[in-house]
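**Student:** Residue numbers (the working numbering), protein chains in the order written: chain E, 1 to 186; chain B, 1001 to 1250.
Honestly, the hints are just simulated from the structure, not real lab data.
For clarity, every value in this text was computed on a predicted model and none was experimentally measured.
It is possible that part of the hints are untrue.
[Stated by the list, open to error] Among chain B residues calculated to face chain E with C-beta under 8 Å, some are:
1. LEU1003
2. LEU1019
3. ALA1035
4. ARG1037
5. ILE1177
[Claimed, not checked] Straight-line distance between alpha carbons at most 27 Å, and here's what the computed DSSO-like set of lysine-lysine pairs gives:
6. LYS98(E) - LYS1002(B)
7. LYS1009(B) - LYS98(E)
8. LYS172(E) - LYS182(E)
9. LYS1002(B) - LYS182(E)
10. LYS129(E) - LYS63(E)
[Said to hold, decoys possible] Covered by chain B, per the in silico footprint, the following chain E stretches (three or more residues, Cβ under 8 Å):
11. 58-67
12. 99-112
All C-beta atoms, glycine included, are put in the ideal place defined by N, C-alpha and C.
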Amino acid sequence: MKQETIAVSQLSEEEEVIRKSVENPENFRVLYERYYRSIFLFILRRVGDKPKTADLTSQVFFKALTNLSRYRFRGLPFSAWLYRIAVNECNDLFRREKRERFVVLEESAAENLYEEMFAADAKEELKEKLPYALERLRPEELQLIELRYMENRPFREVAAILDITENNAKVKVYRVLDKMRKLLLK
Amino acid sequence: MKLNLKIMKTRPEVSDEELRGYMDFDALLERRRIALRKTGRFNMLRNGAILTATVLLLSIVWYTHRGDPAGTREQQTPPQESLTTERQPAPTPLTDTAMVPKETETATDANRTSEKSTIIPQKQETPTSKPLDAKQAPEPAAKDDTGYVYTEATPIDGFPALYEYFERELVYPASAIPDSIQGVVTVNFVIGTTGAPEDIRIQNSLGPAFDDEVNRLIRNMPAWEPAALNGKPVPSKLAIPITFRLEKIR
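Kindly produce the complete structure, drawing on both the sequences and the hints.
**Tutor:** Structure, rendered in structure tokens:
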């Protein structure tokens, strides 16, 4: 998958743009153009419906723009903050509307996840049961697994998006894996 | 409980053209601008009536008070009167629904919706004024048997202009949008002999951002004609409730 790795120089450029945007929101356009696609896709993978996704995406940028003065630069790309807003917007949507929650489970992700849980002793039929296990997670547990394994984000970013510490993110992810393992072996 | 999951084998994609169709930064800017703009509404008629009633009550209170120099009999009445009149406007934003679009939702709902939530701070004000100096007798522009003539403090351009100023200038603090704070801030101040507001005090605060906004509003409001006793300006105290509220549009 395409990771957003950005250079240190870009980080400080972003910081500068954000500062300017607080003074004049017009300056925010650069960041809007830069991250619109990734935020859109991020939401689309969960919501699965483009018009709804466009709605939520504009809401994410709206919230980001109106709260820009509260943004604190912590050495992470600005996108981490946008993703956090996006996660919250999606959660709100699922809580508000009884709609289907989409999740992308690519072959490679299933592989990763499976290896993480069962080391080498491959049992193909268990892998088939992955969707079964995912369905039985709580929404916040699924979020963790999705960010870490389906979207291959480093723990540091998972933590930033969910507003928890990196260690806490690791602990939580491994607990969820444990829960899934039990579900699969049941 | 089982999640209502739909598993996709491949990542959804979106073409550049499609994305361009959804992107609209200018609309975002516009939305932000609307969100930060307040639209105030108030019921002039009601305000006028309350104001008149207040002035009348205060003058009656003052009149009886004057007739009793020891002040024992009526001492408690003035605070009571001012309390009731000052409190009165607080619930009005709620009863004012005829003027407010129905879509107003609870704060959390408005915040959660993906739809636009526009911030419409509203204010209603009924200044309650009473003379500061008890030795000088107030009687709204009327002469009583002792020969005192008291005139209330009034904005030089009149109350409608003052309300218009509040409506125009009141800005809902952007920092409070995510928390969707709504409520009434009562501000007490004194119109000094020069006609400028002094001693601005926030009575029931909604938070520092709101206090700052109300302070700014009162400090910069149009000049007042100070209250006068026998044509001589005297300081007078006023209380104005300012309502901040959020309103959802669309």
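**Student:** Please work out if LYS98(E) and LYS1002(B) have their alpha carbons no farther apart than 27 Å.
**Tutor:** With Cα atoms ~13 Å apart, LYS98(E) and LYS1002(B) stay inside 27 Å; holds.
**Student:** With the threshold set at 27 Å, check whether the alpha-carbon distance from LYS1002(B) to LYS182(E) stays at or below it.
**Tutor:** holds (16 Å)
**Student:** Identify whether the interface hint at ILE1177(B) stands, where standing means a beta carbon of chain E within less than 8 Å of its own.
**Tutor:** Given a least distance of 5 Å, the restraint on ILE1177(B) holds.
**Student:** Interface hint check: ALA1035(B), Cβ to nearest Cβ on chain E, cutoff 8 Å. Holds or violated?
**Tutor:** holds (6 Å)
**Student:** With 8 Å as the cut and Cβ atoms as the points, is ARG1037(B) at the interface with chain E?
**Tutor:** Violated - the Cβ of ARG1037(B) stays beyond 8 Å from chain E, reaching only about 13 Å at its closest.
**Student:** Double-check LEU1003(B) for me: the hint is only fine if its C-beta lies closer than 8 Å to a C-beta in chain E.
**Tutor:** Where the cut-off is 8 Å and the nearest Cβ of chain E is about 5 Å from LEU1003(B), the hint holds.
**Student:** Check whether the Cα positions of LYS172(E) and LYS182(E) lie no farther apart than 27 Å.
**Tutor:** Between LYS172(E) and LYS182(E) the Cα gap is close to 16 Å, so the pair holds against 27 Å.
**Student:** Please verify whether LYS1009(B) and LYS98(E) have alpha carbons no more than 27 Å apart.
**Tutor:** Judged against 27 Å, a Cα distance of about 23 Å means the pair holds.
**Student:** How does the region 99-112 of chain E fare against chain B when you require at least three residues with a CB closer than 8 Å, holds or violated?
**Tutor:** Contact hint for the region 99-112 of chain E vs chain B: holds, 9 residues under 8 Å.
**Student:** Examine the region 58-67 of chain E: at least three residues should have C-beta closer than 8 Å to a C-beta of chain B.
**Tutor:** That given contact holds, which follows from 8 residues of the region 58-67 of chain E lying within Cβ reach (below 8 Å) of chain B.
**Student:** Checking hints one by one. Is LEU1019(B) an interface residue toward chain E, by the C-beta closer than 8 Å rule?
**Tutor:** Hint on LEU1019(B): holds, closest Cβ of chain E at ~6 Å, below 8 Å.
**Student:** Going straight from one Cα to the other, do LYS129(E) and LYS63(E) come out at no more than 27 Å?
**Tutor:** violated (38 Å)
Checked against the numbered hints listed earlier, the structure breaks hints 4 and 10; every other hint is satisfied.
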